[in-house]
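**Q** Sequence:
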Amino acid sequence: GNAVLCLGALKLENNKEGKIQVSGSKQLLKIFVDNNGYINGQMPDFKLIGKLKQAKEGFPLIPLKGITQILVFKNYNKNELWLKNDAQKIIKRNGLEKSLAVVVDYIERDNDFFKIKPYVYFKKGLRYEIVRETSCGSATTAVGIFLSNLTNKSIKYQKVIQPSGDSLYVSVKKIGNRFESYLSGKVKILYQGPFDLNN
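The numbering used here applies: residue 1 is where the sequence shown begins, and numbers increase by one.
Since the hints were made in silico from the structure, they are not lab data.
Hints are not guaranteed to be accurate.
Here are the simulated DSBU-like cross-link-like pairs (lysine-lysine), alpha carbons at most 35 Å apart as the crow flies [as the list claims (entries may be wrong)]:
#1 65 - 159
#2 56 - 19
#3 124 - 53
#4 124 - 30
#5 174 - 30
#6 156 - 84
#7 159 - 186
#8 26 - 53
Using C-beta positions, here's what the derived DEER-type ranges look like [claimed, not checked]:
#9 190 - 18: 19 to 25 Å
#10 97 - 189: 37 to 43 Å
#11 127 - 175: 37 to 43 Å
#12 191 - 126: 32 to 38 Å
#13 23 - 97: 19 to 25 Å
#14 81 - 175: 37 to 43 Å
#15 111 - 196: 23 to 29 Å
Each residue gets a CB set at the ideal place from its N, CA and C atoms; glycine is no exception.
Given these sequences and hints, build the entire structure.
**A** See below:
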């Protein structure tokens, strides 16, 4: 998700809209700049088969293509070591240790926005690791999908504050058994030019 917005910022320097393709999806994704100057990037479609699942602990479990999201609406203010250990326990209890990738996303609602602390579990070489992300587009998208499914309504520009303190916005439209979703945010191009990897 973050990569889509960054590439979108480069691709849309001289245009208002375009399309890109991402790995793992044959779908051409729309990108555009809105009236607020935000880059908007379409996420690959998520098809809902039956109802959204629940983890054994009762937390919403959202199986996105290539990454499973578990939304935990408590314990947001626990310390990092506690959250990391808790995330590993949740993954193990739900039999997800051999998954391609899992995000355990600790969430706090504050009036009309959400704050997230995503812990991403993935295979690195021969071992699995769990790391805390400073920004997570897929976790932000999962919050939007959960809200859209819960309310049975479209979600527009839902503010989700990342661990970095910056905000991403998610918009989700439910169409039958699938969700069309967009991530939006401000993107600042810091550098364009060659890189010397030897220095």
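**Q** With reference to the structure, classify each hint as holding or not holding.
**A** Consistency of the hints with the structure:
{"no.": "1", "hint": "65 - 159", "verdict": "holds, 23 Å"}
{"no.": "2", "hint": "56 - 19", "verdict": "violated, 39 Å"}
{"no.": "3", "hint": "124 - 53", "verdict": "holds, 27 Å"}
{"no.": "4", "hint": "124 - 30", "verdict": "holds, 31 Å"}
{"no.": "5", "hint": "174 - 30", "verdict": "holds, 17 Å"}
{"no.": "6", "hint": "156 - 84", "verdict": "holds, 31 Å"}
{"no.": "7", "hint": "159 - 186", "verdict": "holds, 12 Å"}
{"no.": "8", "hint": "26 - 53", "verdict": "holds, 26 Å"}
{"no.": "9", "hint": "190 - 18: 19 to 25 Å", "verdict": "holds, 21 Å"}
{"no.": "10", "hint": "97 - 189: 37 to 43 Å", "verdict": "holds, 39 Å"}
{"no.": "11", "hint": "127 - 175: 37 to 43 Å", "verdict": "holds, 40 Å"}
{"no.": "12", "hint": "191 - 126: 32 to 38 Å", "verdict": "holds, 34 Å"}
{"no.": "13", "hint": "23 - 97: 19 to 25 Å", "verdict": "holds, 24 Å"}
{"no.": "14", "hint": "81 - 175: 37 to 43 Å", "verdict": "holds, 42 Å"}
{"no.": "15", "hint": "111 - 196: 23 to 29 Å", "verdict": "violated, 47 Å"}
Checked against the numbered hints listed earlier, the structure breaks hints 2 and 15; every other hint is satisfied.
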